[in-house]
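Protein chains in written order, with the working numbering: chain A, 900 to 1421; chain B, -4 to 525.
Do not take every clue at face value.
To be verified - To give an idea of the interface, some chain A residues facing chain B are shown, with a C-beta separation under 10 Å as derived from the structure: (1) L1039; (2) L1328; (3) V1394.
Unchecked claim - Derived contacts from chain B toward chain A, CB cut-off under 10 Å, selection only: (4) Y104; (5) V112; (6) L192; (7) A194; (8) I272; (9) Q405; (10) Y407.
Note that these hints are calculated values from the structure, not bench results.
Ideal Cβ placement from N, Cα and C applies to all residues, glycine included.
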Amino acid sequence: MEKKGKKKVLKDKADAVNDDDDLCWWFVHKGIESSFLCIAVFGLLVRATVSLHPYSGAGNPPKFGDYEAQRHWMEITLNLPVKEWYHNSTNNDLSYWGLDYPPLTAYQSYVHGIFLRYFEPASVSLFNSRGYESYLGKQLMRWTVLSSDALIFFPAVLYFLFVYYGNHSSGRKSDVAWHIAMILINPCLILIDHGHFQYNCISLGLTIGAIAAVLAHKDLVASVLFCLSLNHKQMSAYFAPAFFSHLLGNCLKRKNPVLEVSKLGLVVLGTFTIIWWPYLHSRDTVLEVLFRLAPFERGIYEDYVANFWCTTSILIKWKRLFATQSLKFLSLVATVLTCLPSMVQQILAPSRKGFLYGLLNSSFSFYLFSFQVHEKSILLPLLPASLLATELRGPFKLLMHYALFSMFPLLWRDKLIIPYVALYALFFLLYFTPSRRREAKIHHSTTLTGLSILLTFLYLCSLLLHIIYLTIHPPKKYPFLFEAMIMLLCFSHFVLFVFYTNARQWMLSGQYTSKVKEKKLN
Amino acid sequence: MEGQKLQMHERSTNTQQLLWFFGIAACIKLLLIPSYHSTDFEVHRHWLALTHSLPLRQWYFEESSPWTLDYPPFFAYYECILSFFAHLIDPQIVDIHRGLNYESNTVVYFQRISVIVSDLCLLYGVYRLNKNLEFRKRTLMCLLVVWSPGLIVVDSMHFQYNGFLLGLLMLSISYLQEGRDLMGGFFFAILLCFKHLFAVAAPVYFVYLLRHYCWKGLLRGFWQLISMGIVVMVVFAAAYGPFLYHGQIQQVISRMFPFGRGLCHAYWAPNFWVFYIALDKGLAIFLRKLGLNIQAPAASFTGGLVGDSPPFSVLPKITPITTFIMVLLALSPCLFKAWKNPQPQLVARWIAYAYTCGFLFGWHVHEKASLHFVVPLSIVAVHSLEDARHYFLLAIVSCYSLFPLLYEAQEYPIKVLLLLLHSILMWHSFSAQITKDAAAKVTVSAKTGKQLSSLGSLSATVEKERILIGWVGKCYLFGLLGVEIWGQFSHPYLLGDKLPFVPLLLVSLYCALGMIYSWVWQLRCLMKST
């Protein structure tokens, strides 16, 4: 025992001497900017290489996939006046990939459409360009995503890092670099945006900007950014409870709560007014757009998403038992109820970490319980989880694994298995970047408990299921057997994770109150 | 015991670290699978097919595809071994007739992954070279070699097996550096039987091994000479023996040295001859202006498989013999040095120098050949600041000169990002190394107790030493940016389809400047060393 203790001391000393003896010492030692630069360029490279692979619905008429949807929106916004974008007409057949995202997406499509028209006019001409696929067209579309990522997501992450690490530079520099890699090289986000084809980087980037602004105590900027994010993809509403409760909690602590709240309200209203301006001239047009944004007719869930409704539908046939109206109500109640604990915590004791946990918990409760959730929606909870990666080191790894796994059937359909494997490996290589200090830590904490045995078992099962999914045909009676199994595994893990993070958030509160008590005592 | 344990620990962290670098690179290479590949892809596929389906004695006679086997026998054996696995995966890959221009996913995956796996040889070479280095230098070397953008561009996109071959070269150098000359010679002989283009360094090997290994008294020296000779002969016998047996040596040699090809490759490698051609063209235009009747050459230089028609209009024709003599002349200072004082720690430098000479003055040089000296130079770049400065510039120029290989729009962001990433990483790592060394110098001189007054001047020199690249180098590198912008945007915009060869010519000329600089720098460094 004594010998061991001595050794540990020696090791610690060696660590102190070689504090920067990390694999990435060459850029880490210079601080956040240089680490960010290196990792960002690497991240762009990874994105550019993923975009070599096929997109969703490539060469698959008549409906194609999300790629065609985005291209079609460019075509529509470029060739029709603003007022007709959401209006079903002879020029705009809404049943064929009609716009169903808020106006900011439409504006973004318009700008990208101009770019495409400059280089390849045929790809966005009205009517004739349906299902347009060409070598250059694909490159141009891919470059629009790449540039959106570089122009919105990356700067937002940099802003977040400055705010998060700016005032307390106590963290080890290599840990900061690790954190940057975890946020920027998020395999799910890269696969969906640059493989499957979507623009999540824009709405998520705006959300990160808003989060950073909140952490920097610039509440008004945060509100504007979050409104922009909401207006790019309505899915950003998953984060709304956290923003709302944190900002409310902050306002309540100040001298003049009513004034503060009304200031925020005015900013939000103003941003919405500007974005919705073309549709504000009559009530009907607003309702028309709103109706497009809420596609309730599509049912409570689609495909095999690892959320509560879809998973429990194995036992309870929700769609058959209830009408859509009551399902809407049911899902709303469930979502609000599961959000509530984290919201209450933030209103009572708003804190930086608490806010991040709140984002994670509220987005997860939306993912698990809200109406019409898609597999891709897992990106939303993943975002705050990656921001908290240094806090949730171990759980984050497993979360990423299951998040990727939950999208596996989707990516398989898109023929993105090679990037899936490569990015999976890349993520775990980056996660386990060899570092002497971390190594010591890992060795220290390998104790076998019931939970860790269960987690390892589930992990092995999921690895096995990957192989089974790829190699074995499901029985004819249950063609979606493996999808259901994947969903079940992922759902059970997500539920465990949510319990854990909710508990963590409330534990923060305990720390906070004890700190306040200490201060009072002193 | 403790020491041994520590060593074991070091070794395991070393392999762990290497595998980490390799893993990251392998992920990127996996992602690059669908990227553009050149005709070299079909060349290698055809070789898989012909080595698999034909008996050995027909390998060098086969002509069903224009891509005849023109590598030495070991490479053919290597393809033969690979073709066994290829047959297991998809028999059509190795079918000599049905497989022609076969482009299905299986063949792409198989060939791409075979490149990634065979890069393990390079990894082993790096492992051997850096197992006794300190931590930082080790990571630096991994960064320079395993993450080399040039290798990724040529091997994983354009398609070749350079990583594997350079791995053999690195292995050979590592043995020479350790003083195990026999093994060094052995691996070099193997390398020569894989790809004969590496023979440019053979004179250096010959002189060095003769002096360092065999020049040890009459009896012992003779014994060593004999043993080295036997080792090399065994390797060559293993390679060429079967063909000698079938009496096909002449055919093999004629396939391996196609002097019918022109002085320059399809795209002019940035070497000395670019200036020669440019001068010729310039003179021709000038003299025509003066009213002289100068005939324009029939064949253009950029015609790919050009014949041996003399494309010069004014200057004398260049023959393979001329280039051969020029390479030998350029090599001679190095040979002289190696003869005078054969030092194991200078071997890497000499070998790199030999490949530089071959690149600059050789016949029908490919732009990819610049990897042959850039990769070995990383061994020395890790050790001294001077070398690091030179390497920084050279690596960027060499990678940039590979850009024309990937001319499609799809790969454009990738090649730019690869170069950008590598330059940023090199910049950070070298300047970190410089700062650390400079700091060490300050503390050392402070310890020796010099007077305070000299400390000011000392810090000034330290400041100077911290600079990775001077203003001339900076201007040159920004010039690269200018060349790229001209070629990609300004030229098509301003001139349209007129003078389509100018952007490529500019790239060649501009990179050739950097290559000549590198050669002069290496020559100077070589002459300075004692």
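Here's how the hints hold up against the structure:
Restraint check, L1039(A) versus chain B: the minimum CB separation of about 9 Å is within 10 Å; hint holds. For the restraint placing L1328(A) at the interface with chain B, the shortest Cβ-Cβ distance is roughly 5 Å, inside the 10 Å limit, so the hint holds. For V1394(A), the interface hint is violated, the least distance from its beta-carbon to any beta-carbon of chain B being 31 Å, above 10 Å. Checking Y104(B) against chain A by beta carbon gives a least distance of about 8 Å; that is within 10 Å, so the hint holds.
Taking 10 Å as the C-beta contact cut-off toward chain A, the hint placing V112(B) at the interface is violated, the least distance being around 15 Å. Hint status for L192(B) relative to chain A: violated, with the closest Cβ pair at about 29 Å, above 10 Å. Restraint check, A194(B) versus chain A: the minimum CB separation of about 35 Å is more than 10 Å; hint violated. With its C-beta approaching chain A no nearer than about 33 Å, I272(B) sits outside the 10 Å limit, and its interface hint is violated.
The closest approach between the C-beta of Q405(B) and any C-beta of chain A is roughly 6 Å, which is under the 10 Å cut-off, so the hint is satisfied. Given hint, Y407(B) at the interface with chain A, holds; its Cβ is 8 Å from that chain's nearest Cβ, closer than 10 Å.
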